[in-house]
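There are 2 protein chains.
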Amino acid sequence: MEAPFSGDTDECREALIVVPVLHQMQLSGNCYKVRLAARQLGVELTLKDYGLLDGATRKLDFLAKNPNGRVPVLEFEDGRRLAESDAILWYLSEDTFLLPADRWGRAEVLQWMFFEQYSHEPYIAVARFWLRFAPQEDLEKRRHLIPEWHAKGHAALAVMQVHLARHDWFAGGRYSIADIALYGYTHCAADGGFDLAAYPAVGAWLKRVASLRGHVPLEVTW
Amino acid sequence: MEAPFSGDTDECREALIVVPVLHQMQLSGNCYKVRLAARQLGVELTLKDYGLLDGATRKLDFLAKNPNGRVPVLEFEDGRRLAESDAILWYLSEDTFLLPADRWGRAEVLQWMFFEQYSHEPYIAVARFWLRFAPQEDLEKRRHLIPEWHAKGHAALAVMQVHLARHDWFAGGRYSIADIALYGYTHCAADGGFDLAAYPAVGAWLKRVASLRGHVPLEVTW
Numbered sequence: 001m002e003a004p005f006s007g008d009t010d011e012c013r014e015a016l017i018v019v020p021v022l023h024q025m026q027l028s029g030n031c032y033k034v035r036l037a038a039r040q041l042g043v044e045l046t047l048k049d050y051g052l053l054d055g056a057t058r059k060l061d062f063l064a065k066n067p068n069g070r071v072p073v074l075e076f077e078d079g080r081r082l083a084e085s086d087a088i089l090w091y092l093s094e095d096t097f098l099l100p101a102d103r104w105g106r107a108e109v110l111q112w113m114f115f116e117q118y119s120h121e122p123y124i125a126v127a128r129f130w131l132r133f134a135p136q137e138d139l140e141k142r143r144h145l146i147p148e149w150h151a152k153g154h155a156a157l158a159v160m161q162v163h164l165a166r167h168d169w170f171a172g173g174r175y176s177i178a179d180i181a182l183y184g185y186t187h188c189a190a191d192g193g194f195d196l197a198a199y200p201a202v203g204a205w206l207k208r209v210a211s212l213r214g215h216v217p218l219e220v221t222w
Numbered sequence: 223m224e225a226p227f228s229g230d231t232d233e234c235r236e237a238l239i240v241v242p243v244l245h246q247m248q249l250s251g252n253c254y255k256v257r258l259a260a261r262q263l264g265v266e267l268t269l270k271d272y273g274l275l276d277g278a279t280r281k282l283d284f285l286a287k288n289p290n291g292r293v294p295v296l297e298f299e300d301g302r303r304l305a306e307s308d309a310i311l312w313y314l315s316e317d318t319f320l321l322p323a324d325r326w327g328r329a330e331v332l333q334w335m336f337f338e339q340y341s342h343e344p345y346i347a348v349a350r351f352w353l354r355f356a357p358q359e360d361l362e363k364r365r366h367l368i369p370e371w372h373a374k375g376h377a378a379l380a381v382m383q384v385h386l387a388r389h390d391w392f393a394g395g396r397y398s399i400a401d402i403a404l405y406g407y408t409h410c411a412a413d414g415g416f417d418l419a420a421y422p423a424v425g426a427w428l429k430r431v432a433s434l435r436g437h438v439p440l441e442v443t444w
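Those protein sequences? They're chains A and B, same order as listed. Per my numbering, the very first residue in the first sequence carries number 1; after that it's consecutive. Per my numbering, the very first residue in the second sequence carries number 223; after that it's consecutive.
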């Protein structure tokens, strides 16, 4: 009688052990970035979903995983945990085709990922959350903030347009995790009331990213 | 007659060429991070100062350097420019004692640097700017925002306290650019009305950082 996984026992056991868990929300652009990069890199992830509106990431058992109370968190079987979407992207992509091999290219990647988290996400992702997904009564309390979200979000899109009018990609002259980081919420900016028609180079870049091998839309899960 | 720089001519010329310019504001914690890392790494920088309140970084000639209109920007003699304080820290510290040599340690560095830019700086640095440096009439227009700055800034300090209660440093078990990034605005959080007495591990870490070889305070310039 043959043993299960005959001939592959060690490899199978290893594969079971090393598949990390991505604590995530399916609708979050920050979590989508990680799923997209993992798919293109051939990295397996087990998805563990949390609700967008139920406060699950502010409860004690989740705070033990990330005291900052946010997804995504990548968790390994040995207990190591990594938070912050762009740090996870970096970890997954070191020494792969998604990260430039030269020091200057890597610095450009980080420049755009920090731009994304400081100057883009707080307006474009936040407008999307409140306008598209939050309960109406909660949106009403924040309606006075919409003009600021839109002004600063449009400023970020204008910075992207300036760059993309002269470059196909954000960093290192090639597709990288900098593009993935910025694609995460730019491709669904309309959810937050942003019209991208004024940014033709951004629109062309969105199409380039979506046409790449292994690309998956935000809705895809497993 | 001896030539100037006799015997060292090539080295001196090389040194003159490679010293990059840091476009900066002396009082900015984001710019201070870069100065501090450069001092500890022995990297020479030429400082070019901009006013904190005169809008100089939103004028056309500066926007040609950084379309996002912010300092710091590191500019090289060949025209390459790098924005975002934490991307500059990374660029300066690759393959040095300020960045862990292992992949997981580098990922931890980035986790804390993204935490700093997303969950810490927008409240602790912003409160400092408006409460300490902005004209009184401009502060008055934003006085209703102070409770939010303080609530979210204290949340960030609490996350730091949780980590520092069990670790001496933020990433990789050693002093790194993650510590420099978080030191930048934490050490002057009192300027924004934050009392650090409730975060003893944060206070002890501030002292550890300040006691290291090559440490320079925010005021030091050259």
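Please note that a few of the clues may not be correct.
List time: in silico EDC-like cross-link candidates among lysine to aspartate or glutamate, alpha-carbon distance up to 16 Å [as the list claims (entries may be wrong)]:
#: 1; chain 1: B; residue 1: Lys287; chain 2: B; residue 2: Glu266
#: 2; chain 1: A; residue 1: Lys207; chain 2: A; residue 2: Glu148
#: 3; chain 1: A; residue 1: Lys65; chain 2: A; residue 2: Glu77
#: 4; chain 1: A; residue 1: Lys65; chain 2: A; residue 2: Glu44
#: 5; chain 1: B; residue 1: Lys363; chain 2: A; residue 2: Asp78
#: 6; chain 1: A; residue 1: Lys141; chain 2: B; residue 2: Glu370
What the hints contain is simulated information worked out from the structure, not anything from laboratory work. Here the structure is a predicted model, which is why all the values come from computation and not from measurement.
We went through each hint and held it up to the structure:
Between Lys287 of chain B and Glu266 of chain B the alpha-carbon distance is near 20 Å, which puts this suggested pair outside the 16 Å criterion. A C-alpha spacing of about 28 Å is found between Lys207 of chain A and Glu148 of chain A, which places the hinted pair above 16 Å, so the restraint is violated. Between Lys65 of chain A and Glu77 of chain A the CA atoms are separated by roughly 13 Å; this keeps the pair inside 16 Å, and the hint holds. Restraint check for Lys65 of chain A and Glu44 of chain A: the C-alpha separation of about 20 Å exceeds 16 Å, so the hint is violated.
The straight-line distance between the Cα atoms of Lys363 of chain B and Asp78 of chain A is roughly 50 Å, outside the 16 Å bound, and the hint therefore fails. Taken as a hint, the Lys141 of chain A and Glu370 of chain B pair is honoured in the structure, with Cα atoms around 15 Å apart against an allowance of 16 Å.
The structure does not agree with the numbered hints 1, 2, 4 and 5 stated previously, though it agrees with the rest.
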